[in-house]
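Asks: Chain residues, written in single-letter form:
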Amino acid sequence: MNNSMRSFALHLFVLAILVVLFFTVSEYHSGNLARILVLSVYAMGYNLLFGYTGLLSLGHALFFASGMYGLGLAMQHLGTPAAPAMLVGLISAFVVSAVIGFLALRTSGVAFMIVTLMFAQAGYLTILLAGKYTRGDEGFVIPQADRAIGSIDLSQSDTRYFAALILFAVCFLFIGWLVQTRFGKTLVAIRENPERARMLGYDIQRHKLLAVIISGTLSGAAGAAYALLFGYAGATFSTVQYSIYPLLWVLLGGAGTTIGPLIGAIFMTYLIDISSEYTNAYMLIAGLALIFLTLFAPHGLAGVLRKKWLPWLP
Amino acid sequence: MVAVVAMSLLSTQLLSKNYAGLQAVSNVSFELPEGQVRALIGPNGAGKTTFVGMLSGRIASTSGTVIFDGKDVTTLPAHKRMSMGMAYTFQITSVFAKLSVHENVALAARRVVQGGNAAVNQRVLEVLNKVNLADRYEQIAGDLSYGHQRLLEIGMGLAQKPRLFILDEPTQGLAESEIDDFVELIAELSEDTTILLIEHNMDVVMRTADYITVLNFGSVLAEGTPDEIRANESVQAAYLGNG
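If you read the sequences in order, they're chains A and B.
Following our numbering, the numbering of the first sequence begins with 1 at its first residue and continues without gaps.
Following our numbering, the numbering of the second sequence begins with 315 at its first residue and continues without gaps.
Honestly, I wouldn't trust all of these hints.
Here are the simulated BS3-like pairs of lysine-lysine, each with C-alpha atoms no more than 25 Å apart in a straight line [to be verified]:
| hint | chain 1 | residue 1 | chain 2 | residue 2 |
| --- | --- | --- | --- | --- |
| 1 | A | Lys308 | A | Lys185 |
| 2 | B | Lys475 | B | Lys394 |
| 3 | B | Lys385 | A | Lys185 |
| 4 | B | Lys444 | B | Lys412 |
| 5 | B | Lys412 | A | Lys185 |
| 6 | B | Lys385 | B | Lys475 |
| 7 | B | Lys412 | A | Lys307 |
| 8 | B | Lys475 | B | Lys444 |
| 9 | A | Lys307 | A | Lys185 |
| 10 | B | Lys444 | A | Lys132 |
| 11 | A | Lys308 | B | Lys475 |
In case anyone wonders, no lab produced these hints; they're calculated from the structure.
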């Protein structure tokens, strides 16, 4: 079995486990998992840029919110049905990431972090300013009756889980395929040594811009799906906190691995979930876990797997 | 003059680089005929790396033109010049240290090789055989010895099947035996590639070069065959003058 077959088999195996989990765990946990799957799509989008291309953005909440509000506002104010509204969400994330990518990629390193952070803050303030339509911090609820594609009611726990799983599966397999292509390997080359990649004849700027656009559009897909499946859009999702989350999930799970984002999102969600049963200071426990992981497993959980047992891990 | 009958693959006219008042390269007009092995020599600070930087596009020129393969490439970005058939190896070894030897060469090959993974792999193996690294293809590039990293970098250049191969001090830091292998490799390459070599090791220059250009203080001091350069008094003075 060669590495790309192994990798494909691993991806199918992970998806199979996620199907089995729905039928074996309680409704509380499957509800949690549905949320985690959508947020993992966000983390996978983030990981393409951070883990594979080596660009650290602090403004991905803007892309998540672009998808969320693209879908939410279309449904709320134009009465667009769910499926075309999803498309509106994707298109708005695509356009926003193309524009932000074009502008922010004039910088690099720390300046890129600051510029993306600033753009995201500007996006957050725009959402507040347009409170007449967005209802600002308070946000708005998408009526249950509208949250359906055809006759499938996405507000039910089983359809919601499988809708989240289908979105996750499409993005997961897409990323798994993408990182094996010439394009994906060139992104890694840019991460490792941009000057050398340039002098091998690769157009670095074009590759980076494409990476921002794909990353931003995936993040937007997660934002749109989140609003659709959980019925709410609010300005909180465009705050800096939501830009930091995917970074943490990816760092914990393993940057530059295809399964890292999922692992990180599961780990962090349950760490907070379980520790909050025992103490109010659950963020302290999350913080300690982060410190220990960065000390002892700087490449994240999937990074440990890759190093110790599975060197072919994509 | 030797081999000027052939058409120039690369030429420059009055090429200059000014770093905030410091004239690193001034008005260099240079012709490199197709198929030649050209050595570029000169004392430290003579402007050699700046000059080839302007040829490859890493450094923007202040004035003058660069013509490659009949086209004015003066304002083209580096990656476009590479895709026209140049390859460049760095003075300070620059490989993808965390990637495997195989992937390093594959990254170089993928841009030029038509066809799928099989075609790329075949090119990678050919190249690794040529630079004697075939048995190390799975190793992480950063774990290789310095000499092997230099060879890997040359391999990355070869994988692109360049028409013009620019090597910036390729033998720097190599052991004697490795230098012999390198000279052999250049002889083999010169059969189908034009080579421009910045080199300090005069023994290597005399053994490999068809023709030599000497830079001093950013200008061409002399040009000629190895024998002519060896006999040239101003060249001797420039080198002796710098200790």
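Asks: Now look at each hint and say whether the structure bears it out.
Replies: Hint check:
no.: 1; hint: Lys308/A / Lys185/A; verdict: holds, 22 Å
no.: 2; hint: Lys475/B / Lys394/B; verdict: holds, 15 Å
no.: 3; hint: Lys385/B / Lys185/A; verdict: violated, 31 Å
no.: 4; hint: Lys444/B / Lys412/B; verdict: holds, 23 Å
no.: 5; hint: Lys412/B / Lys185/A; verdict: holds, 13 Å
no.: 6; hint: Lys385/B / Lys475/B; verdict: holds, 19 Å
no.: 7; hint: Lys412/B / Lys307/A; verdict: holds, 13 Å
no.: 8; hint: Lys475/B / Lys444/B; verdict: holds, 13 Å
no.: 9; hint: Lys307/A / Lys185/A; verdict: holds, 19 Å
no.: 10; hint: Lys444/B / Lys132/A; verdict: violated, 69 Å
no.: 11; hint: Lys308/A / Lys475/B; verdict: violated, 37 Å
When the structure is compared with the earlier hints, violations turn up for hints 3, 10 and 11 and for no others.
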